[in-house]
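> Residue-level listing of the chains:
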Amino acid sequence: MGLLSDPNRRQALSRVVTRLNTPLCIISYLVGMGWFLGLAFHPFTLRTYISENSMGSTMVEEQFQGGDRALSYAREFAAHKKASGGSPVAWLERTMRGLGLEVYTQSFVRTLPFPDEATERYMVKGTNVYGILRAPRAASTESLVLSVPCSEGQNNNQAVGLLLALASYFRGQIYWAKDIIFLVNEHDLIGMEAWLEGYHDVNVTEIKSSVMMGRAGAIQAAVSLELNTDVTTSFDVIVEGLNGQLPNLDMVNLFHAFCQKNTLLCTIQGKLQRSDYDTFPGYLHNLQTLLLMVLKQGSGRPQGDHGLFLRYHIEAITLRGINSFRQYKYDMNTVGKTLEGMFRKLNNLSERLHQSYFFYLLPSLSRFVSIGIYMPAIGFILLILILRSLDLWIKLNRAGTTTEDGAADDDDQDAKPGFLSLATPIVICHATGLSLYYIPTMSQDMATDHFPVSESEAVVLISIAIYVAGLALPHNTHRYLTGAGSDQGWMTLKLISLLYLAIQLSCIALINFSLGFILAITIVPVAAIVQPTGPKVLYGILLVLVTPATTLLGSIFLYRELIEYPVSILECWQLFLQAIAGGILDHYLRRRYRAVKSEQAGQPLRVFYTEELNVIGGRNGGTILSSSREILLSWRLEILVLIAWDWIFNSFVFLFDFEIGSTGVVFHETS
Amino acid sequence: MAAPLVLVVLVAVTVRAVLFRSSLAGFISERVEVVSPLNSWKRVVEGMSLLDLGVSPYSGDVFHETPLIVYLFHFVVDYAEIVFMIVDALTAVALYLAVRDYNKAMFKQQRLYLELKKYAPESHDLLRVPTEMYYIPLKVALFYLLNPYTVLCCVAKSTSAINNAVIALFILSTVKGSLLLSAVFLALATYQSLYPVTLFMPALLYLLQRQFIPVKAANPDFWLFTCQYGSLYLGSLVIVLCHSFFLLNSWDFVYSIYGFILSVPDLTPNIGLFWYFFAEMFEHFSLFFVCVFQINVFFYTVPLTIKLKEHPFFLLFIQLAIISIFKSYPTVGDVALYMAFLPMWSHLSRFLRNLFFVSCMLIVCSVLFPVLWHLWIYAGSANSNFYYAITLSFNVGQILLVSDYFYAFLRREYHLQHGLYLTKKDGSEATLILS
Chain A
269 MGLLSDPNRR QALSRVVTRL NTPLCIISYL VGMGWFLGLA FHPFTLRTYI SENSMGSTMV
329 EEQFQGGDRA LSYAREFAAH KKASGGSPVA WLERTMRGLG LEVYTQSFVR TLPFPDEATE
389 RYMVKGTNVY GILRAPRAAS TESLVLSVPC SEGQNNNQAV GLLLALASYF RGQIYWAKDI
449 IFLVNEHDLI GMEAWLEGYH DVNVTEIKSS VMMGRAGAIQ AAVSLELNTD VTTSFDVIVE
509 GLNGQLPNLD MVNLFHAFCQ KNTLLCTIQG KLQRSDYDTF PGYLHNLQTL LLMVLKQGSG
569 RPQGDHGLFL RYHIEAITLR GINSFRQYKY DMNTVGKTLE GMFRKLNNLS ERLHQSYFFY
629 LLPSLSRFVS IGIYMPAIGF ILLILILRSL DLWIKLNRAG TTTEDGAADD DDQDAKPGFL
689 SLATPIVICH ATGLSLYYIP TMSQDMATDH FPVSESEAVV LISIAIYVAG LALPHNTHRY
749 LTGAGSDQGW MTLKLISLLY LAIQLSCIAL INFSLGFILA ITIVPVAAIV QPTGPKVLYG
809 ILLVLVTPAT TLLGSIFLYR ELIEYPVSIL ECWQLFLQAI AGGILDHYLR RRYRAVKSEQ
869 AGQPLRVFYT EELNVIGGRN GGTILSSSRE ILLSWRLEIL VLIAWDWIFN SFVFLFDFEI
929 GSTGVVFHET S
Chain B
2 MAAPLVLVVL VAVTVRAVLF RSSLAGFISE RVEVVSPLNS WKRVVEGMSL LDLGVSPYSG
62 DVFHETPLIV YLFHFVVDYA EIVFMIVDAL TAVALYLAVR DYNKAMFKQQ RLYLELKKYA
122 PESHDLLRVP TEMYYIPLKV ALFYLLNPYT VLCCVAKSTS AINNAVIALF ILSTVKGSLL
182 LSAVFLALAT YQSLYPVTLF MPALLYLLQR QFIPVKAANP DFWLFTCQYG SLYLGSLVIV
242 LCHSFFLLNS WDFVYSIYGF ILSVPDLTPN IGLFWYFFAE MFEHFSLFFV CVFQINVFFY
302 TVPLTIKLKE HPFFLLFIQL AIISIFKSYP TVGDVALYMA FLPMWSHLSR FLRNLFFVSC
362 MLIVCSVLFP VLWHLWIYAG SANSNFYYAI TLSFNVGQIL LVSDYFYAFL RREYHLQHGL
422 YLTKKDGSEA TLILS
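Chains as they are written, first to last, in our numbering: chain A, 269 to 939; chain B, 2 to 436.
Zero decoy hints are in this set.
Examples of chain B residues toward chain A, derived with CB under 7 Å: (1) Phe-357; (2) Val-365; (3) Val-368; (4) Val-372; (5) Ala-380; (6) Gly-381; (7) Ser-382.
Once the Cα atoms are required to be at most 25 Å apart in a straight line, the calculated SDA-like pairs of lysine to any residue come out as: (8) B/Lys-308 with B/Phe-226; (9) B/Lys-140 with A/Ile-764; (10) B/Lys-310 with B/Phe-299; (11) A/Lys-663 with B/Ser-360; (12) B/Lys-43 with A/Val-470; (13) B/Lys-310 with B/Val-298; (14) B/Lys-43 with B/Tyr-256; (15) B/Lys-140 with B/Ile-87; (16) A/Lys-663 with B/Arg-354; (17) A/Lys-663 with B/Pro-344; (18) B/Lys-109 with B/Thr-132; (19) B/Lys-140 with A/Leu-763; (20) B/Lys-140 with A/Gln-756; (21) A/Lys-350 with A/Thr-373; (22) A/Lys-350 with A/Arg-362; (23) A/Lys-663 with B/Val-365; (24) B/Lys-140 with A/Thr-760; (25) A/Lys-663 with B/Ser-350; (26) A/Lys-663 with B/Phe-357; (27) A/Lys-663 with B/Ala-409; (28) A/Lys-663 with B/Leu-127; (29) A/Lys-663 with B/Leu-356; (30) A/Lys-476 with B/Ser-24; (31) B/Lys-308 with B/Phe-223; (32) A/Lys-529 with A/Ser-502; (33) B/Lys-177 with B/Asn-104; (34) A/Lys-539 with A/Glu-829.
Hints listed in this document are in silico derivations from the structure and should not be mistaken for laboratory results.
Source: prediction; values computed, not measured.
Ideal Cβ positions, reconstructed from N, Cα and C, are used throughout, including at glycine.
Start from the sequences and build out the full structure, keeping to the hints where you can.
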């Protein structure tokens, strides 16, 4: 308190804050950016290690030899799948039962709110088949899951084959202390969601599914496998789950350890680790990997089937087999051995995985950045907002009647900004946010009746229209209000906006660092600069440039650059539209955080933005339906920000006498 | 002035009614920030059904509400929502009337002091003027009714709303000078949650001041009055306790309520300071530390009373804040009560130093509570340390707020007596430093 209560030091401090405000802001932004870029730099990262004691060493002798058997199962499965035109439920049941598992099926039906054009689905019907291998050495209180999606076409046949071969091999072993569930889920994430909801007996989305007959205790960990070829060159591990949630780092470490043991090549974000990490190209490579992870995590959509497990407190990763042009190929035996080793290690767990990190970024598989190291990056960026608002506060105070030491100031008293002039933009912005949340899906029928558009197009176009209208509206109401003309008026409004922005960003960054960071680096500098005096046109353009929609567009572009598959602007716009549609769909498919019943079912994310409970929380919880991996950033990024930021942004716009509406039109024509 | 008050009450009731009907009500009533084991509505319902079954509600470890509350709600359980809204409105009206009367009294006192030339001549800037004071009672009511904390507390049907109402009535009767009612309501408040016993001193000082009895050990009037008030208080406390005994025919409730408050066996996270410490602590140290923690609430009474004996109402405010910070199961309802008094001290604003900082801190913490709870309990990625960090900073924020007001109050008093513009011996401008 010494610093805060000594008036002389306080005065010095406030002088520094006001006089050096701009340089301090710039420095803080640069430090924040620099810090973030430095995260991929070798000395700042930590080496990964398995911290869970019961998984400590990799001293397990794998004896899986059923590679050929896996391939023959795969061929048989492919034939049956082709014949039945979907998941060959009867065959799977028969085969699993033949292996000595307890087999159950679960059928589910889900009607999407509007047709999904990317995957051509509307009414989704399917059946999940799962077999439980009962542990001979323990009561059925804990279990592990190996899941394989049964996808359309020729995909994933080998994965199903390997699953069956592993089941038959595991059946013969006596050391199992946890039940193992072998799951073949149909319609990827929809089926997975149906199964998880059925297993935990909750219903958070509107999936109708049959009653689940067999269970095997609390699931401790899960591995989802995707494998398309008979031989593989490498394995890609996927960690990003729903809403940017990550599995315990030990899961990744475990996989990494076994890959090293079996000399299997493993990648993350499709990038192989380089040995020359201390050179500049090595650093760039790490940075690329890190950026990819940030973009994927920021999108908030699960990148694999494992992403839904995380919501139920189950640590899970997806492993994706890749067959590239490399010389050296691995056969099914090696892959099977790796999985066997992982399951035996997981079998040793005596409690849930909790020792290692839950908040991390991975610049490569063997190095990680923990929360304590990456948080300062966003901290410095948020510091700008705090500095600016302090500056405004001090100025506002000086303009008032008093100064710190109780001495009266004879400044002319500005009329204090009326309550109305402050409340109106705030209320309007929240209202546009709400309408953006509810109207698009509510009015799609009306739109398809009157305009020649399909339903999903209608939803996207309505969203964009409301968004643009939302930008213009507060500005237009400005004319009807007086009192905001004074300096105090805009300063107060800006002060509130800045603080609001800071709070929202810090909340988002805590839940999903990547999303928070992407938003912060774009929106903060502009939010700090704009004010009603100065080049208004320039500010207006800047503000439009940092809207979440533009950020989304930019992120898609950056992502495609990073995976070395660049797109033209027009394609990018198409992807953007798809991302919005996909996102809205996802949200309605799995209202993520809305259920409460079991301990695992996530209680509302809607909790977390107190002001906008329903709006953001609900929206934030979208999942992914489409497996089209190209659309990286779902609308969730967009909507989340959009609504929350809607009024922040608008409050700034409101400060100007600037026709934002016309910019909106330009925005629209681009399509 | 009655019309705006009615308007405020109407708005507040509408907000609550809407929230009661929305899907949020169930969610809010589960939040640990809003309900504690002492005042959760679920537990009250549980207690009532146990009572209906002929089992003592205190036989389990679920119910910690007082017998009078159970019997009260036994009659009105079907109208619980309306009762809670009425209780809130009642609290606000009581606060409104109390503050209005207090302000009148203060203004009279100020005029008297001016006539007696007790104030330094150049401190006239600091004097309070009727135009400023006119809206303060309304602001207090507004602050209480529309404070999100109060709204949450009411929507969750937390019985801390009733506790607040009793304390507000106690304040009203004290300000009105009614010895008997003041003692009775104080006894009820103590009976409800034990900690308001520390409000005894400010109430006594206020009543003494009202009767113009100087606080001196040699003064027989002083001792007479103290004994009178004390015995009224103790008498009504005994009556209430005995009444509870006859309702249930057992003394179980004493241990189940006061033992529960003092020994802190339930370590469900809340916005207080206790849960984390005692969850981490070895069993055989806990008795000692329970004593240390509990002493905090009572300990500050003595020095504060000595320092603020001329200003019992401010002492009351500080005491309320201290209770809400250091009590064993605090909820936002307790915070809302003392925050309602902040507009009363608006004349201190020129001496407040960290208001911006502190209010940002409190707002940020309030928003982060549910976020970190989500990360800890549902996402499973954070742990209790994250949540406790926020609890800690929320309480630090509250302490800074209170000490800021305390300091500003003392500073204003000093300036009133010594003039606003202090000069050093050499004639240059001097500054005061808090040490």
